[in-house]
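Each chain is listed here by its residues.
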Amino acid sequence: MLVCVLGYNSRSMLKYTIRRLLLMVPTLFFVALITFSLAHAAPGGPFDKNENKRLPQQIEDNLTRYYGLDEPLPQQFLLYLRNAARLDFGTSIQRNRSVNEIIAQGLPVTVQLGVQALLLALLVALPLGIVSALKQNSGVDYGSLFLATIGTTIPSFVIAILFIYIFGVWLRLLPFVGWGDGLDVRRMIMPTVILALPGAAFLTRITRASMLEALGQDYVRTARGKGLREGTVIVRHALKNALIPVATIVGPATAGLITGSFIIETLFSIPGIGRLYIISINARDYPIIMATTLLYAFLIVIANLSVDLVYGVLDPRIKVGS
Amino acid sequence: MATLSAASASQQHAADVNVLVRRQRSLWGDALYRLKRNRAAMAGLAVVLVAAVLAILAPVIAPYDPIRQDTPNSLMEPFWGNPKFTLQQYPLGSDQLGRDILSRLIWSARISLVVGFVPVTLVFLIGATVGMAAGFYGRWVDNLLMRLVDVIYAFPDLLFLIIIMATLRGTILGNLLGGLVLMFVAIAVVGWVGMARLVRGQVLSLKEKEFVEAARATGATNRRIMFRHLFPNTLAPIIVSVAFGVPSAILAEATLSFLGIGIKPPTPTWGVMINEGFVVFSTTPWPVLLPAFCISLVMLAFTFLGDGLRDALDPRQRAR
Amino acid sequence: MPELLEVKDLHTQFFTRDGVVRAVDGVSFELAAGETLGIVGESGCGKSVTALSLMRLIPQPPGRITKGEILFDGQDVLKMDDDEVRGIRGNRVAMIFQDPMTSLNPVLTISRQVSEALELHLRMDRTESRKRTVELLELVGIPSAKSRLDDYPHQFSGGMRQRVMIAMALSCNPKLILADEPTTALDVTIQAQILDLLKNLAREFRTAFILITHDLGVVAGMTQRIHVMYGGKIVEKADTGELFANPKHPYTWGLLRSIPRLDETRREKLRPIEGLPPDLIALPPGCRFAARCQYKRDVCTEKEPELVSIPNAKADHEARCWGTQAGGWLVDVDYRTDTTVFATAKADA
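Protein sequence lines, in the order shown, are assigned to chains U, Y and V.
So for the first sequence, the numbering used here puts the first residue at 7; every next one is plus one.
So for the second sequence, the numbering used here puts the first residue at 4; every next one is plus one.
So for the third sequence, the numbering used here puts the first residue at 4; every next one is plus one.
The shape of chain U in the complex, shown without the other chains (with noise of 0.2 Å):
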């Protein structure tokens, strides 16, 4: 079904997409191998993060042998390894769990955040793009433009300290705590709106310009030179055309939402897989460390290969997989 709704390309899109998935193998051994060498780098063990709390020599040393931290680090490396391909990440050190269900529990916040941001970024960038374009040196152009260029000059983590300020600590309208159970709206619109606004930002000024240049070219002449009506030239015509490098602009986007969220969720306390990183970086905690890694890396290059997956159903002069 899949294959007669992309239609022209299917059987060499096909091709490409199981080509891409086996690249990502070697990819993912690389972004394991760098994190593992620097994550072991760095002086300091997970162990001594409370000075004012040092376990036991003797206690130290178990664990120490427990979690296979004394083997050299080659074998540790590849003991990793072996694990990781049956999908056994590990325990956590600081907590003492499996990485699994830590990251299982964490994992769907994020995503909902993620998801909702990049929904919200797409449903207010693509019109406001669309018709300032259209529209251009009116209101909506220069309202869209100053939106555009505070969402990606003003550091998304001072918006963020001025929302919770303005919303959260004066005004007391939006709690800025948590995320509760998922559906608690009030509770989850500044998080959202933050983590949206540089993307949305940026596909702004994607979407305007790209449709600009749709607008001037030679087959819209030709279009209205056929009587078309001019909503139909817009439409069947140029955005058609526009909407293609926008569409490579959702793989960046998305890394940058990834990226957004370590320190929306650190703001906001928001019991994400973002947050979860950065304290396991500051406490050593190895195999989180090593896992979410890895399980960025492969979100972000499964968002890339569904952008050009897209691009190829767009753009029929692509030939997937050249």
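Source of the hints: derived by calculation from the structure; they are not laboratory data.
Computed from a predicted model, the values in this text were never measured in an experiment.
Watch out, some of these pointers could steer you wrong.
[What the hints assert, rightly or not] Okay, derived cross-link-like pairs now, DMTMM-like style, lysine to aspartate or glutamate, Cα gap no bigger than 25 Å in a straight line: (1) U:Lys141 with Y:Asp317; (2) U:Lys21 with V:Asp153; (3) U:Lys141 with V:Asp21; (4) U:Lys141 with V:Asp84; (5) U:Lys246 with V:Asp102; (6) U:Lys246 with V:Asp154; (7) V:Lys178 with U:Glu236; (8) U:Lys141 with V:Glu122; (9) U:Lys21 with Y:Asp153; (10) U:Lys21 with Y:Asp145; (11) U:Lys246 with Y:Asp317; (12) U:Lys141 with Y:Asp310; (13) Y:Lys39 with U:Asp147; (14) Y:Lys39 with U:Glu219; (15) U:Lys246 with V:Asp153; (16) V:Lys149 with V:Glu207; (17) U:Lys246 with V:Glu122; (18) V:Lys178 with U:Asp224; (19) U:Lys21 with V:Asp154; (20) V:Lys82 with U:Glu236; (21) Y:Lys212 with V:Asp102; (22) Y:Lys212 with V:Asp190.
Please build the complex by placing chains Y and V on the supplied structure of chain U, with the hints as guidance.
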């Protein structure tokens, strides 16, 4: 029947007519002309220059030592909030350790601008070289280099930065210049791939153009082709990339410092100031708002400048 | 019999930051049904803008048709409202654009692009329009038209794409087709094929054509009449044969002289027209061609000549030149033997 002198006279005539009818401009002259007409870009440039001057002259113009603590006078209001303000006090107030905010802001400008430019230069050097080599030599060189690029590219930028900064902070590298060198290295390591991809793409498309073939036909060596022919034609997108790379480096430093894994205190940077001011935000917002304003202003300036450069260098918009 | 098209004193201008560009500065001509007219001139002379003005396709922010009348089938196009204009575009007047690579939408199938006009103007449904599209594509010489209906423009060669554009233009049986440099972007051999196609279509469907080009060779075998444009104005009007045999404007002489001829026995250097076209924002007073004209005299830089009938030529042959008008100093000059030229040039020098 046309004699040589008649021919040259008519050529002169044609030359005269040409000059009367059209003003000629070179590629770069034309771009510069258009950039100068872009008011937002010029405003951005002005802000950047002011910031640069402030940064260079920091030891001279900052009224106080930025790390000097004056705890009895901590959390003083800036001059607009203090009815009893005298010139002996801190013009923009003080933070919770009594340090003068204005001086810290000025010194922060130093670090932030340096963090903007130095890594970007590294990014340019490494990325352009790799991209040029990959695009020009092709085949296995290209394959190898691009696999490496793909691996690094698979890391989200901030993630990689966080990992590098967090893990190497305690090392010797991390302690050089109060974490500054590590910051340079981190941003450069993460950023060169974008530049490499950009340059490679340009080189790939330029490689097939006739002027390269022509250069080869006149016996140019590979290196000469790369430097004198290909490189100047890739400059325009590189310049734009650099112009946007600087604010993103500044933002990266601010974010990392805000998260606590950037530059080490007591060295002031805008990000560090926000990090430190966050705890007292509800009582005095100024220790956070003022550096936030500075970051935003500088980033805005660079963004306008970058936009202006991109529009000016866009070959499709050549002026008459 | 009333003409199909009457253009009266058309002025089209572009308002730019550097000034007002007077792209079309007082152009008038007529065209009868079924006739093929050639408009010739170099880049920037206003010929394309004239064609776009006829269909009111001038982009409105910088451009505007500031004066004149365009009577198509008796109705003034410039006084129509937007819906009426859209009604005749693609329907009774169609245009073929210069570059088939960029003039076709890369993300739509050619079937879609050809049938758009059919569905809009002739109210065909999808099945009917597809059938008609196949007929049209076969008519313009695209092989295996039926199987290529759902192909995209990038899957066609340049010549084929231009044929698709022609099919698009023909789709609703227009009375007039404007062809703006239809062969400039194509190989020479393909050019010949396309021109042949256009000629046959003109004859078969009795469609009027305006063929716009900078290439005199193209109009020679195609048109009944030729208008030469320079600097936003028409500088010469004549029947095709008459224009080549007996041209009466120094610019036309320059154009003809700069074409190499196979039948020339003497080995002469090609004589190009020196200089560049005038700046359409800051037009010189007097004749616009004067700066580049070897025959100019004082009057040429002072007053602009009118387009009038000229002596020593057919009745409907007109030219805009002080020298070739009645009483002018070029009336008896044969441009092919140019002894007069150098005598005059030396006199001026």
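(request) Please work out if Lys178 (chain V) and Glu236 (chain U) have their alpha carbons no farther apart than 25 Å. (result) This hinted pair holds, its Cα atoms lying about 24 Å apart.
(request) Sort out whether Asp145 (chain Y) lies within 25 Å of Lys21 (chain U), counting only the CA atoms. (result) holds (23 Å)
(request) Given the hint that Lys141 (chain U) pairs with Glu122 (chain V), test it: the Cα-Cα distance must not exceed 25 Å. (result) Distance of about 29 Å is beyond 25 Å: violated.
(request) Would you check the hint for Lys39 (chain Y) and Glu219 (chain U), treating anything up to 25 Å between C-alpha atoms as holding? (result) Cα-Cα ~24 Å, so holds.
(message) Against the 25 Å threshold, does the CA-CA distance of Lys21 (chain U) and Asp153 (chain V) hold or violate the hint?
(response) Measuring from Cα to Cα gives roughly 23 Å; hence the hint holds.
(message) Given the hinted pair Lys212 (chain Y) and Asp190 (chain V), is their Cα-Cα distance within 25 Å?
(response) Holds - the C-alpha atoms of Asp190 (chain V) and Lys212 (chain Y) are around 20 Å apart, at most 25 Å.
(message) What's the verdict on Lys149 (chain V) and Glu207 (chain V), does the C-alpha distance respect the 25 Å limit or exceed it?
(response) Measuring from Cα to Cα gives roughly 23 Å; hence the hint holds.
(request) Assess, step by step, whether the Cα of Lys21 (chain U) is no farther than 25 Å from the Cα of Asp153 (chain Y), and give holds or violated. (result) OK: Lys21 (chain U) and Asp153 (chain Y) at ~20 Å, within 25 Å.
(message) Check the hint pairing Lys178 (chain V) with Asp224 (chain U) against an upper bound of 25 Å on the C-alpha distance.
(response) The given pair, whose Cα atoms are some 24 Å apart, holds under the 25 Å limit.
(message) For a C-alpha distance cap of 25 Å, please report whether Lys82 (chain V) and Glu236 (chain U) respect it.
(response) holds (19 Å)
(request) Take a quick look at whether Lys39 (chain Y) and Asp147 (chain U) sit within 25 Å of each other, Cα to Cα. (result) Roughly 23 Å between the alpha carbons, so the hint for Lys39 (chain Y) and Asp147 (chain U) holds.
(request) For the pair supplied as a hint, Lys141 (chain U) and Asp21 (chain V), confirm whether the alpha-carbon distance does not exceed 25 Å. (result) Holds: Lys141 (chain U) and Asp21 (chain V) sit about 23 Å apart, inside 25 Å.
Hint compliance for this structure: hint 8 alone is broken.
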